[in-house]
Amino acid sequence: MDEVTRRAWAAIEAALAWKPPEGPIVLSGEYLRLVERVEQLPENRPGTDKTWTERVLAQWKHAVENSRKIPRGTQRE
Amino acid sequence: MTSFAPLARAFAERDVRYVLIGVSGANLHAHSAGVVFTTQDRDVFLPPDPANLLLAWQACEACGLTLTTSNAPLEEPRDLFLAERFVERRGLTQARDEDDLQVDLTLVMAGFTFEEVWPERTFFSIAGAEIPVARLMHIVASKAAAGRDRDRLFLATHEDNLRQLLQGEEPAK
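Residue numbers (my numbering), protein chains in the order written: chain S, 1 to 77; chain B, 1001 to 1173.
If you are wondering where the hints come from, they were derived from the structure by calculation, not from laboratory data. None of the hints are false.
Stretch by stretch, here's where chain S covers chain B in the computed footprint (C-beta under 8 Å, at least three residues): (1) 1018–1030; (2) 1036–1045; (3) 1117–1124; (4) 1128–1141; (5) 1147–1153; (6) 1160–1167.
Please read all numbers here as calculations on a predicted model, not as lab measurements. Heads up, the beta-carbon is just placed ideally off N, CA and C, and yes, glycines get one too.
The following block holds chain S by itself, in its conformation from the complex (with noise of 0.2 Å):
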C-alpha cells in the first residue's frame, strides 16, 4: 500500500471510530469575550445594512448549484 493510500485509510478509520462529545455544552470565556467585542463592533450598530449576508448567501448557493463533478484524470494540472 503506497503511502497516500495508508494516510487516506487512517483518516477514515479515524473518522469512523471518532465519537461526538456528550453533555452540556460549555461556552468557554474566551468565546463569550469573543461575542461581546462583535456585538460592540460598529459593523453592528443598531440599523446597520447588513444585505450584504444576503448576497454572500445568494453567491454560495450560485456556486453550489453551478458546480459539477470533473472526472477522475480530466482535471487541469
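Since the structure of chain S is already known, use the hints to place chain B on it.
This is chain B only, laid out in the frame that chain S set:
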C-alpha cells in the same frame, strides 16, 4: 436566494412581535463574510401570544408563503382558535415560498423566554426592511442550551472564526 425583507415588511405592517434567532440571526451579526454561515432557514421567534401568531400567519400568506406544520398543510380556518391551540402546545409552523425561502415560526428558544430576549434585541436592515434580531450572546447561549450535535458544530466553528477574525484587533473601548 429569496430575501427575508418582504416578509419583514409584512410583519412590520401588522405589528408582529418577533426576533430573528438561530444561525440566520447570528448571520446578521456578522462583520465579515468569514462568519456568515450557509443556511436556508430563517428562525423567527414569537411570543406565546395567539393573536400575534395569527398575524404572523397572515403576513406569511400575504407574501405568498405556504404554511405547513409537521410536513402537512396548516389546517384551516386559520383563526384565533387554531392559534390558541398552537400556542398551548408550542407548535412550530413552517412557511415556504416556491423558491428556497424557509421560515420557521417558533414559540420556543432553548434557554430563554421571549420576554427575556425581546428587551435586548437589536435591529439590522435588509434591503431597507428593519429586522429585529436577538442578541448574539443570547443566540449562542441558546445553542449551547439546545446542545444538539449541529449546535456544537456551529459553536465550535463560530468561535474559531471569531478568534481568527478578531485576532490582533483592539477591543472596542
